[in-house]
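> For chain A, the structure is supplied; the task is to place chain B on it using the hints.
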Amino acid sequence: MSEEIIKAEGLTKIFNKHLVAVDHVNFEVKSGEIYGFLGPNGAGKTTTINMLITIMKPTEGKASVLGFDIAKQNDSVRNVIGVVPQEYTADEDLTALENILLCADLYGIPRRVAKERALDLLKLVELTDFKDKRVQTFSGGMRRRLELACGLINRPKILFLDEPTLGLDVQTRTATWNYIRKLKKEYGMTLFMTTHYLEEADSLCDRVAIIDHGKIVVVGTPEDLKHNLGGDIITIGIKEDIDVSELISKVENVKDVKKENGSYRIKAEYGEVTAPFIIETLRKKGYTVAKLSLTEPTLNEVYLEYTGKSMRDTEESPEAFQAQRMTMRRARQ
Amino acid sequence: MSETNDNSKSKLHGLWALTNRELKKWYKAPVIFILSIIQPIIWMGLLGKAMNIGAIFSSGSLGELMSKLVLTPPLTATQSQQLGSFFNGLSASIIQNAFKTTDYFSFMAVGMIAFTALFTTAFSGMSVVWDRRLGFLNKALSTPVSRAVIIFSKVLSATLRSMFQAGIIILIAIAFGLQFGASFNPLYIFGVFAIMFLICVGLSSMFIAITIRSTRIETPMAVMNLITLPLMFASNAFFPTNIMPSWLQTVAQVNPMTYTTDVVRQLLIYSTTDFTQVGMDFAYVGIFAVVVATIGIVLSWRFLSK
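Chains as they are written, first to last, in the working numbering: chain A, 1 to 333; chain B, 1 to 306.
Rather than coming from a laboratory, the hints here were simulated on the basis of the structure.
Please read all numbers here as calculations on a predicted model, not as lab measurements.
Please note that a few of the clues may not be correct.
Each computed DSS-like pair below joins lysine-lysine, with the alpha-carbon atoms no more than 27 Å apart [unchecked claim]:
#1 A:131 <-> B:25
#2 A:133 <-> B:24
#3 B:11 <-> A:72
#4 A:267 <-> A:284
#5 A:72 <-> A:123
#6 A:115 <-> A:185
#7 A:267 <-> A:309
#8 A:131 <-> B:24
#9 A:215 <-> A:309
#10 A:133 <-> B:11
#11 A:123 <-> B:24
#12 A:115 <-> B:28
#13 A:285 <-> A:250
Next comes chain A alone, as it looks inside the complex:
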């Protein structure tokens, strides 16, 4: 089963006629997968998701969700999708149950059905004991779970998650991933998510699209992306002050050698096997290996490879910053 749940063609969003937030992106999301948009803040992830969930209109291009055009059939799209926004949208003054029922009312679900579903969902996200407590008293992790439950009240075929663990601590984040996996399994859904956490994309997503400056630079499974980098990175230093790049590059499985600050950065497949060969080759020629380290590539290396920069410090609008700060503050309550 690999029908396309989402298909975007040349999807573009330009703000104020010159600020290109999303620049002609093409992608498709297959049924049953977790598809992740990975990129720094301001790369266009949230704008893309906002277009797909029909709260922003694309400037150019088109996209469909479950066959419905996001611009022309937006009401049909809204009926079949679930949305978990970046912000904590649950009303602080209402209880967990009241919040879910409010969401149900927005979908026009009859009260009797809604109540039944709400209780099931609360059980699923383990908030049954807190259903009559006001959200004000909830921790970041609990709030996130409540948002997940709200996003599922209409039994969506596809769930959109915008930065699902923004601001959560590492432990809560891992727990939240488990809930997301559980929900996916339980409801057999397709998930579209955005994140700027590399580990999150790596451990949660079946396929990752790296997005930068509004463009998708590469798409693939996390494993493929890392593998395509050409394997592991071996860093080696020798005592002698001689350039041995030539020598190293002749070793089997070595793909690339770069001399950096007196040590060599070697790209090699099967790093743990190749490293001893490199040492032996150098020894035979009478060189002494002074230090060695072996790193398996992470998505950060992938990101670095394709965008030429590390996934840090990118500009963003003050408004988005403000919204994120608010989310993070609430997450840490």
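Just chain B, lined up with the frame of chain A:
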């Protein structure tokens, strides 16, 4: 497993849920609820009792003036008494003429009802901006709920709050000594609530329409500050229009607040109720409400999503 949920769904689904969400913030928070009752009491105390304009023309102050009057030959006791009652009558008729009632407190307490409508609805613009910032607006926009419903829930909740407060004000005013007009009939209270409903729908749509695109909470606050007091004082809520300079009278004549207050005064405190005038007032406020609410809904289709 996921049938679509469009069974038994009307265009208005979610309206009550969203309205009730707003109302719960108010009636479930005792402090806010009590403050919203205390506020009109404070205003009535300040404007009705402390700034008692009626007292300026009272016989007491005129009597004092009279005692300073030195006449030759001095007045006889009967003449003095006659002059006293003349001044009494004069002061009463000045007030009657200007305020169409002899009691400024009653005059003002009724103006208070329109005043509450203005101040309660002024916050509805703020609530849209707030929902936008908290992300709730986006969440709601991603559901099949109609955009007009999102806006109208704000309008409706502000309206219901104002109407409740109007009821409280009437009760408090009665306790403080509101004098009903000679033609008063308890059924007229419904008329008061009807005009309150119309003016609140109009005003709160207006505040939302003005601030619908703003993303900063400062904008609706600035708008509130700019609009509310002029709307208040360029109306007949606290001062009768006939003692205003003509340019202000012109402003007051287009101000829907004037018509609202007139309806309430006609129904509650005037000695004779002019139903032709009340009908015209209703028509004016009704048209205002419909026009502004339509503008608000059209803007919501256009500007709620970017």
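> Next step is simple, just say for each hint if it's right about the structure.
Right, here's what the structure says about each hint:
As the CA atoms of residue 131 (chain A) and residue 25 (chain B) are separated by approximately 18 Å, the hinted pair is consistent with the 27 Å bound. Only pairs whose Cα atoms come within 27 Å are accepted, and residue 133 (chain A) paired with residue 24 (chain B) is accepted, the gap being roughly 15 Å. Restraint check for residue 11 (chain B) and residue 72 (chain A): satisfied, since their Cα atoms lie roughly 18 Å apart, inside the 27 Å limit. Restraint check: the Cα-Cα separation between residue 267 (chain A) and residue 284 (chain A) comes to about 21 Å, which is no more than 27 Å; the hinted pair holds.
Restraint check for residue 72 (chain A) and residue 123 (chain A): not satisfied, since their Cα atoms lie roughly 37 Å apart, outside the 27 Å limit. Using a Cα cut-off of 27 Å, the hinted pair residue 115 (chain A) and residue 185 (chain A) holds, with the two alpha carbons roughly 22 Å apart. With a C-alpha separation of about 18 Å, the suggested pairing of residue 267 (chain A) with residue 309 (chain A) holds against the 27 Å cut-off. A C-alpha spacing of about 17 Å is found between residue 131 (chain A) and residue 24 (chain B), which places the hinted pair at or below 27 Å, so the restraint holds.
Distance restraint check for residue 215 (chain A) and residue 309 (chain A): the Cα-Cα separation of roughly 15 Å lies within the 27 Å cut-off, and the hinted pair is therefore satisfied. Of the supplied pair hints, the one linking residue 133 (chain A) and residue 11 (chain B) is violated, its CA atoms being roughly 32 Å apart against a limit of 27 Å. At most 27 Å may separate the alpha-carbon atoms for a hinted pair to count; residue 123 (chain A) and residue 24 (chain B) meet this at roughly 25 Å. A C-alpha spacing of about 22 Å is found between residue 115 (chain A) and residue 28 (chain B), which places the hinted pair at or below 27 Å, so the restraint holds.
At roughly 13 Å between alpha-carbon atoms, residue 285 (chain A) and residue 250 (chain A) fall within 27 Å of each other, so this suggested pair holds.
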